Amino acid sequence: MPEFESLFREAKGNPVQYKGFEIKRIDKFPVKNGDVLVCSIEHAIEKLEYLQGFCIDVTGHCELNGQICREGKGIRMIFWYGHTPPEFKLKIFTKYDFVVIYNICEVDNSFIASDESGNCIKKHSKYIDAKYNGAAMIVEEIEGGRRYRCSDTSSAEKSFPFNDIVFTVKKI
217 MPEFESLFRE AKGNPVQYKG FEIKRIDKFP VKNGDVLVCS IEHAIEKLEY
267 LQGFCIDVTG HCELNGQICR EGKGIRMIFW YGHTPPEFKL KIFTKYDFVV
317 IYNICEVDNS FIASDESGNC IKKHSKYIDA KYNGAAMIVE EIEGGRRYRC
367 SDTSSAEKSF PFNDIVFTVK KI
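Here this note's numbering = 1-based position in the sequence shown + 216.
Hints were generated in silico from the structure; no laboratory data involved.
Owing to the predicted nature of the structure, the values given are computational and were not obtained by experimental measurement.
Every residue, glycine too, gets a C-beta built ideally from N, C-alpha and C.
Please note: incorrect hints may appear among the correct ones.
Cross-link-like lysine-lysine pairs, in silico, PhoX-like; alpha carbons within 25 Å at most [unchecked claim]:
{"no.": "1", "residue 1": "K386", "residue 2": "K248"}
{"no.": "2", "residue 1": "K263", "residue 2": "K311"}
{"no.": "3", "residue 1": "K387", "residue 2": "K305"}
{"no.": "4", "residue 1": "K244", "residue 2": "K387"}
{"no.": "5", "residue 1": "K289", "residue 2": "K263"}
{"no.": "6", "residue 1": "K244", "residue 2": "K289"}
{"no.": "7", "residue 1": "K248", "residue 2": "K338"}
{"no.": "8", "residue 1": "K240", "residue 2": "K338"}
{"no.": "9", "residue 1": "K228", "residue 2": "K307"}
{"no.": "10", "residue 1": "K311", "residue 2": "K338"}
{"no.": "11", "residue 1": "K244", "residue 2": "K386"}
{"no.": "12", "residue 1": "K338", "residue 2": "K244"}
{"no.": "13", "residue 1": "K248", "residue 2": "K387"}
{"no.": "14", "residue 1": "K263", "residue 2": "K240"}
{"no.": "15", "residue 1": "K263", "residue 2": "K338"}
{"no.": "16", "residue 1": "K235", "residue 2": "K305"}
{"no.": "17", "residue 1": "K235", "residue 2": "K248"}
{"no.": "18", "residue 1": "K311", "residue 2": "K289"}
{"no.": "19", "residue 1": "K228", "residue 2": "K305"}
{"no.": "20", "residue 1": "K289", "residue 2": "K387"}
{"no.": "21", "residue 1": "K244", "residue 2": "K305"}
{"no.": "22", "residue 1": "K307", "residue 2": "K235"}
{"no.": "23", "residue 1": "K338", "residue 2": "K235"}
{"no.": "24", "residue 1": "K311", "residue 2": "K235"}
{"no.": "25", "residue 1": "K305", "residue 2": "K248"}
{"no.": "26", "residue 1": "K305", "residue 2": "K289"}
{"no.": "27", "residue 1": "K263", "residue 2": "K248"}
{"no.": "28", "residue 1": "K240", "residue 2": "K387"}
{"no.": "29", "residue 1": "K263", "residue 2": "K307"}
So the derived label-pair ranges between C-beta atoms look like this [as the list claims (entries may be wrong)]:
{"no.": "30", "residue 1": "E279", "residue 2": "K235", "range": "18 to 28 Å"}
{"no.": "31", "residue 1": "I261", "residue 2": "E238", "range": "43 to 53 Å"}
{"no.": "32", "residue 1": "G334", "residue 2": "K387", "range": "53 to 63 Å"}
{"no.": "33", "residue 1": "A329", "residue 2": "I294", "range": "41 to 51 Å"}
{"no.": "34", "residue 1": "G298", "residue 2": "C336", "range": "30 to 40 Å"}
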């Protein structure tokens, strides 16, 4: 399987073709102020090395299960497989006519450093990455919304790598 990052770089971030499918790094999901999105993770392959999930990036704020989520000019709502209810509602309040949706993973970064005495110590840090090895997704139109079939590119042997995590976002 190709490393998608180089394909997206050549296409200047635009969607690219892979084995007859249009693949994207991000999706601009159309919304209006006050729209309610119903989101669910349909399938995910559990990874021992890291968490995987998706992000809904809102320029503005949102309401999750009745609780207002606001931070500065926008907020990134992150939903992890195994740590998110099977289905949830997100009410959107935005200046724009879209929210940005993409798949993410939590990467564990281990490294060796030295303490004040020069002794080697192992350190860990975690970060959220949306472009891990150039991850990509297929976006399918479904009734009322879209289905996202995502690859985290850890499955090079698979003939169809876009089932690492599958989630839907629908408007009600």
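Now for the hints, and whether the structure bears them out:
1. Proximity of K386 to K248 is assessed by CA-CA distance (about 13 Å); at most 25 Å being required, the pair is judged to hold.
2. Taken as a hint, the K263 and K311 pair is broken in the structure, with Cα atoms around 36 Å apart against an allowance of 25 Å.
3. Proximity of K387 to K305 is assessed by CA-CA distance (about 9 Å); at most 25 Å being required, the pair is judged to hold.
4. With a CA separation close to 14 Å, the supplied pair K244 and K387 stays within the 25 Å bound.
5. This hinted pair does not check out: K289 and K263 have alpha carbons roughly 33 Å apart, beyond 25 Å.
6. Between K244 and K289, the direct Cα distance comes to roughly 18 Å. Compliance with the 25 Å bound is thereby established for this hinted pair.
7. Between the alpha carbons of K248 and K338 the distance comes to roughly 48 Å, so the proposed pair goes past 25 Å and is violated.
8. Restraint check for K240 and K338: the C-alpha separation of about 36 Å exceeds 25 Å, so the hint is violated.
9. Between K228 and K307 the alpha-carbon distance is near 32 Å, which puts this suggested pair outside the 25 Å criterion.
10. Restraint check for K311 and K338: the C-alpha separation of about 45 Å exceeds 25 Å, so the hint is violated.
11. With a CA separation close to 13 Å, the supplied pair K244 and K386 stays within the 25 Å bound.
12. The hinted pair formed by K338 and K244 fails the criterion: a straight-line CA distance of about 40 Å is larger than 25 Å.
13. Taken as a hint, the K248 and K387 pair is honoured in the structure, with Cα atoms around 10 Å apart against an allowance of 25 Å.
14. The hinted pair formed by K263 and K240 meets the criterion: a straight-line CA distance of about 22 Å does not exceed 25 Å.
15. A threshold of 25 Å between alpha carbons decides the hint, and for K263 with K338 the separation of about 23 Å falls inside it, so the pair holds.
16. In summary, the hint linking K235 to K305 is not supported, as the alpha carbons are separated by about 34 Å, beyond the 25 Å threshold.
17. Taking the CA atoms of K235 and K248, the gap is near 34 Å; set against the 25 Å cutoff, the hint is violated.
18. With a C-alpha separation of about 10 Å, the suggested pair K311 and K289 falls inside the 25 Å cut-off, and the hint holds.
19. At most 25 Å may separate the alpha-carbon atoms for a hinted pair to count; K228 and K305 exceed this at roughly 33 Å.
20. Between K289 and K387 the alpha-carbon distance is near 23 Å, which keeps this suggested pair within the 25 Å criterion.
21. Under the criterion of a C-alpha separation no larger than 25 Å, the hint pairing K244 with K305 is consistent with the structure, at around 18 Å.
22. Between the alpha carbons of K307 and K235 the distance comes to roughly 36 Å, so the proposed pair goes past 25 Å and is violated.
23. Distance restraint check for K338 and K235: the Cα-Cα separation of roughly 42 Å exceeds the 25 Å cut-off, and the hinted pair is therefore not satisfied.
24. Proximity of K311 to K235 is assessed by CA-CA distance (about 36 Å); at most 25 Å being required, the pair is judged violated.
25. Of the pairs offered as hints, the one joining K305 and K248 holds, with about 15 Å between alpha carbons and a cut-off of 25 Å not exceeded.
26. At roughly 21 Å between alpha-carbon atoms, K305 and K289 fall within 25 Å of each other, so this suggested pair holds.
27. Under the criterion of a C-alpha separation no larger than 25 Å, the hint pairing K263 with K248 is inconsistent with the structure, at around 35 Å.
28. About 21 Å separates the Cα atoms of K240 and K387, which keeps this hinted pair within 25 Å; it holds.
29. Simply put, K263 and K307 have alpha-carbon atoms about 30 Å apart, too far for the 25 Å limit, and the pair is violated.
30. For the pair E279 and K235, the supplied restraint of 18 to 28 Å is violated, since their beta-carbon distance comes to about 39 Å.
31. Taken as a hint, the range 43 to 53 Å is violated for the pair I261 and E238, whose Cβ atoms sit roughly 22 Å apart.
32. Taking the beta carbon of each, G334 and K387 are about 58 Å apart, inside 53 to 63 Å as hinted.
33. One distance hint, 41 to 51 Å for the beta-carbon pair A329 and I294, is violated here, with the actual separation near 28 Å.
34. Between G298 and C336 the CB atoms are about 33 Å apart, so this pair conforms to the stated range of 30 to 40 Å.
Hint check: violations occur at hints 2, 5, 7, 8, 9, 10, 12, 16, 17, 19, 22, 23, 24, 27, 29, 30, 31 and 33; the rest are consistent with the structure.
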